[in-house]
Amino acid sequence: MLVSQEQAVFGLMALLGLYWLQRGTRWLWVGPVSGWLLKRGKVRLAMRLRFGKRCH
Amino acid sequence: MSVSLQSSSLIALAGLPNSGKTSLFNALTGSRQKVANYPGVTVERKEGAIPLPDGRVLRVLDLPGTYSLDARTPDEEITRDVLLGRIQGEAPPAALIVVVDATNLERNLGLVLELRELKVPLVLALNMMDLAKKRGLDLDLETFSNELQIPVIPTVAVKNTGTDQIVTAVNLAIDRVAQESRSKTKTGVQTWSKPEASAVRDRFNEVDRILRKSTRRSTAPSLWTERLDRLFLHPIFGLSILALVLALIFQAIFSWASLPADWIESGVSAFGVWVGSLMADGPLKDLLVNGVISGVGSVVVFLPQILILFAFILVLEDSGYLARAAFMMDRIMGGVGLHGRAFIPLLSSYACAIPGILSTRTIANPRDRLATILVAPLTTCSARLPVYTLLVGAFVPDRPFLGPFRTQGAVLFALYLLGTLAPLTMAWVFRRTVLKGPKPTLLMELPTYKMPSLRGVVLGLVERTKIFLRRAGTVILSLSVLVWFLSSYPKVPAQGQQNQASVMPAIHSSYAGTLGHAVEPLLRPLGFDWRVGIALIPGFAAREVMVSALATVYAIEGDEATVESALSERLAASWTLATALSLMVWYVFAPQCLSTLAVVRRETNSWRWSIFLLVYMTALAYLASFLTYRLVSGFGWGG
Numbered sequence: 026m027l028v029s030q031e032q033a034v035f036g037l038m039a040l041l042g043l044y045w046l047q048r049g050t051r052w053l054w055v056g057p058v059s060g061w062l063l064k065r066g067k068v069r070l071a072m073r074l075r076f077g078k079r080c081h
Numbered sequence: 006m007s008v009s010l011q012s013s014s015l016i017a018l019a020g021l022p023n024s025g026k027t028s029l030f031n032a033l034t035g036s037r038q039k040v041a042n043y044p045g046v047t048v049e050r051k052e053g054a055i056p057l058p059d060g061r062v063l064r065v066l067d068l069p070g071t072y073s074l075d076a077r078t079p080d081e082e083i084t085r086d087v088l089l090g091r092i093q094g095e096a097p098p099a100a101l102i103v104v105v106d107a108t109n110l111e112r113n114l115g116l117v118l119e120l121r122e123l124k125v126p127l128v129l130a131l132n133m134m135d136l137a138k139k140r141g142l143d144l145d146l147e148t149f150s151n152e153l154q155i156p157v158i159p160t161v162a163v164k165n166t167g168t169d170q171i172v173t174a175v176n177l178a179i180d181r182v183a184q185e186s187r188s189k190t191k192t193g194v195q196t197w198s199k200p201e202a203s204a205v206r207d208r209f210n211e212v213d214r215i216l217r218k219s220t221r222r223s224t225a226p227s228l229w230t231e232r233l234d235r236l237f238l239h240p241i242f243g244l245s246i247l248a249l250v251l252a253l254i255f256q257a258i259f260s261w262a263s264l265p266a267d268w269i270e271s272g273v274s275a276f277g278v279w280v281g282s283l284m285a286d287g288p289l290k291d292l293l294v295n296g297v298i299s300g301v302g303s304v305v306v307f308l309p310q311i312l313i314l315f316a317f318i319l320v321l322e323d324s325g326y327l328a329r330a331a332f333m334m335d336r337i338m339g340g341v342g343l344h345g346r347a348f349i350p351l352l353s354s355y356a357c358a359i360p361g362i363l364s365t366r367t368i369a370n371p372r373d374r375l376a377t378i379l380v381a382p383l384t385t386c387s388a389r390l391p392v393y394t395l396l397v398g399a400f401v402p403d404r405p406f407l408g409p410f411r412t413q414g415a416v417l418f419a420l421y422l423l424g425t426l427a428p429l430t431m432a433w434v435f436r437r438t439v440l441k442g443p444k445p446t447l448l449m450e451l452p453t454y455k456m457p458s459l460r461g462v463v464l465g466l467v468e469r470t471k472i473f474l475r476r477a478g479t480v481i482l483s484l485s486v487l488v489w490f491l492s493s494y495p496k497v498p499a500q501g502q503q504n505q506a507s508v509m510p511a512i513h514s515s516y517a518g519t520l521g522h523a524v525e526p527l528l529r530p531l532g533f534d535w536r537v538g539i540a541l542i543p544g545f546a547a548r549e550v551m552v553s554a555l556a557t558v559y560a561i562e563g564d565e566a567t568v569e570s571a572l573s574e575r576l577a578a579s580w581t582l583a584t585a586l587s588l589m590v591w592y593v594f595a596p597q598c599l600s601t602l603a604v605v606r607r608e609t610n611s612w613r614w615s616i617f618l619l620v621y622m623t624a625l626a627y628l629a630s631f632l633t634y635r636l637v638s639g640f641g642w643g644g
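In order, the protein sequences belong to chains A and B. Numbering of the first sequence is given in the working numbering, commencing with residue 26 and proceeding in unit increments. Numbering of the second sequence is given in the working numbering, commencing with residue 6 and proceeding in unit increments.
Hints are supplied without guarantee of correctness; some may be wrong.
[Said to hold, decoys possible] Take a look, some chain B residues computed to stay more than 10 Å from chain A by CB distance:
| hint | residue |
| --- | --- |
| 1 | Gly277 |
| 2 | Val439 |
| 3 | Ser638 |
[To be verified] Have a look at the derived ranges for each label pair, beta carbon to beta carbon:
| hint | chain 1 | residue 1 | chain 2 | residue 2 | range |
| --- | --- | --- | --- | --- | --- |
| 4 | A | Met38 | B | Ala285 | 15 to 23 Å |
| 5 | A | Tyr44 | B | Ile269 | 37 to 45 Å |
| 6 | B | Leu236 | A | Met38 | 36 to 44 Å |
| 7 | B | Ser245 | A | Leu46 | 53 to 61 Å |
| 8 | B | Arg437 | A | Gly60 | 24 to 32 Å |
| 9 | B | Val463 | A | Leu46 | 35 to 43 Å |
| 10 | A | Lys67 | B | Gly272 | 49 to 57 Å |
| 11 | A | Gly60 | B | Pro443 | 42 to 50 Å |
Calculated directly from the structure, the hints in this document are not laboratory data. All C-beta atoms in this analysis are idealised placements derived from N, C-alpha and C, irrespective of residue type, glycine included.
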């Protein structure tokens with residue numbers, strides 16, 4: 026094994042933490058990032074970022 | 006940018022409420038749908054896609070129903086603003102499909118004439134044509150279309166009839182406009198001003214003239230609807246039938262779901278054993294088996310129950326019976342000071358309080374709306390169902406109760422009844438204290454009865470399954486892992502473990518154990534121990550996490566043999582009936598959902614009402630649980 030079970034657990038916990046960090050801070054970065062994507066012509070990606078994940 | 010926009014034109018569906026927009030939207034787009042919110046507000050934005058044979062894609066927007074562009078509610082404002090191109094980041098539609106209920110042309114055509122004044126190509130979908138013909142409508146389509154000066158396509162959205170012609174007509178309209186606009190400059194924002202009363206009168210005179218000219222015979226009222234309404238709207242029989250229908254639903258949730266739920270449960274358990282057999286003992290195996298599989302599995306087991314509940318709601322809604330139920334309930338709602346329109350938000354809250362609170366936007370008076378928002382979270386949402394069914398299944402013996410009904414169904418019915426009476430009682434209290442005001446009145450339109458469409462129900466259930474599994478895969482999975490982590494760490498040193506093992510399992514000294522023991526004195530009067538304390542805390546993020554947290558806590562605490570036994574068996578062995586009932590009552594009242602509090606904050610624009618909600622619901626839950634525990638223990642069922 027490349028890593029021990031203990032290290033894998035802590036790695037997974039860190040990934041989960043990062044995932045929730047991006048979910049919790051979307052309000053902060055989605056606007057500027059989707060604006061930048063729109064400027065570069067990536068309309069579909071920008072719309073997906075802006076509307077796609079905010080469904081309930 | 007221009008390439009992708011041209012290859013996907015946006016068209017919008019507009020029409021009166023109940024004209025069949027959503028059915029047509031489903032028929033046009035099938036499962037290619039995406040639900041989100043409009044930026045800045047919380048009105049649902051439903052977009053779908055229609056792939057065309059030439060490789061282009063038509064994006065279709067299902068707009069909220071409106072009677073006129075002169076908007077009266079936040080929902081109607083969105084429709085008006087989208088149509089007028091006033092929403093930032095939302096391109097104005099390239100064409101409009103106006104959905105019209107053919108059985109009620111007189112009321113529907115006013116909006117068509119109003120929309121005709123906008124400079125957007127229109128296609129009229131004359132929906133429910135089968136019903137209109139059955140009721141005697143004889144319409145000269147050519148004259149009708151010529152008089153309106155727009156293409157008219159007869160449709161039966163629930164049977165997928167006329168959808169191809171709609172797509173062709175829209176496509177033609179867009180192409181024509183594109184050709185015309187090459188020579189002209191075009192602006193995205195339309196101009197519109199509130200019409201004078203005389204203009205509105207003129208519009209309805211024009212509707213009369215068009216109908217006189219194009220109809221040879223108009224529709225007669227449905228005899229069946231009248232006959233059924235005499236029964237379903239009867240003050241005594243109507244309410245009795247409503248109670249019977251609800252009792253049947255709760256009975257079905259237990260009887261029909263038990264077999265598929267058993268399959269899922271044994272599948273989850275076998276999967277856990279299989280995964281466990283592949284790995285060496287260690288924390289990763291423990292995380293996967295006790296945290297992920299045991300935690301998420303314990304919630305996924307309740308999918309059949311939730312689908313059965315929604316199948317009933319969708320069928321009742323599609324058939325037109327739910328509107329009658331709303332009408333029947335208005336007498337009760339009015340009695341406690343709620344607006345008649347509060348029925349739909351409260352009914353939506355049986356699925357989840359969040360769409361319920363969002364749909365209060367149809368209530369114009371802020372005081373009426375706030376009263377509904379404050380009581381909606383008391384309604385029994387579907388996230389409570391796993392908690393209820395787990396505890397009822399574990400503690401209520403399955404015996405015949407009354408006729409075809411059995412005790413477990415009856416207890417669940419009682420819990421739902423409590424979740425129905427609680428919001429009504431609290432509304433009565435609020436309207437006499439913090440939200441005093443005049444009694445609201447209700448004016449509503451009852452749709453005719455229809456055979457529910459299988460396609461609509463299936464699409465609704467698929468959507469519900471996706472939402473449930475997405476939730477299980479994100480929020481519940483994350484919280485299960487977190488609960489596992491807090492229950493497993495810090496690890497007791499090997500030396501200490503040997504000394505302590507004979508006294509208590511390692512979970513006692515974990516973070517979660519410490520936290521559970523810290524809150525135990527507060528929960529003891531309600532009959533809850535530290536394990537329930539551990540489960541209640543993540544339950545604030547999402548109610549059903551309580552079930553997965555309990556599963557994780559008991560899995561970590563128990564040995565190999567207990568991991569394989571069902572959670573309900575483990576609870577039945579270690580809890581008393583008084584504790585179980587007290588926890589059920591806690592869940593009837595407790596504000597255990599952070600997202601609801603966040604939505605209340607967004608909808609009321611202040612934390613004040615969210616905090617008020619949190620405080621009053623927690624106090625109510627504590628008091629009710631305390632009384633339940635004391636009373637049941639007093640009967641000798643607590644020891």
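Checked hints:
1. For B/Gly277, the condition that its CB be more than 10 Å from all CB atoms of chain A holds, with the nearest at approximately 17 Å.
2. For B/Val439, the non-interface assignment is confirmed: its Cβ lies about 28 Å from the closest Cβ of chain A, beyond the 10 Å cut-off.
3. Once the 10 Å rule is applied to beta carbons, B/Ser638 is consistent with being away from chain A; the minimum gap is 40 Å.
4. A beta carbon spacing of about 20 Å between A/Met38 and B/Ala285 agrees with the range 15 to 23 Å that was offered as a hint.
5. At roughly 26 Å, the beta-carbon separation of A/Tyr44 and B/Ile269 lies outside the given 37 to 45 Å, and the hint is violated.
6. In this structure, B/Leu236 and A/Met38 break the distance hint of 36 to 44 Å, their C-beta atoms being roughly 59 Å apart.
7. In this structure the supplied range 53 to 61 Å holds for B/Ser245 paired with A/Leu46, their Cβ-Cβ distance being about 54 Å.
8. Between B/Arg437 and A/Gly60 the beta carbon distance is about 49 Å. The supplied range of 24 to 32 Å is therefore violated.
9. Checked against the hint of 35 to 43 Å, the pair B/Val463 and A/Leu46 passes, with Cβ atoms roughly 38 Å apart.
10. Separated by about 41 Å at the C-beta atoms, A/Lys67 and B/Gly272 break the suggested range of 49 to 57 Å.
11. One distance hint, 42 to 50 Å for the beta-carbon pair A/Gly60 and B/Pro443, holds here, with the actual separation near 47 Å.
Hint check: violations occur at hints 5, 6, 8, 10; the rest are consistent with the structure.
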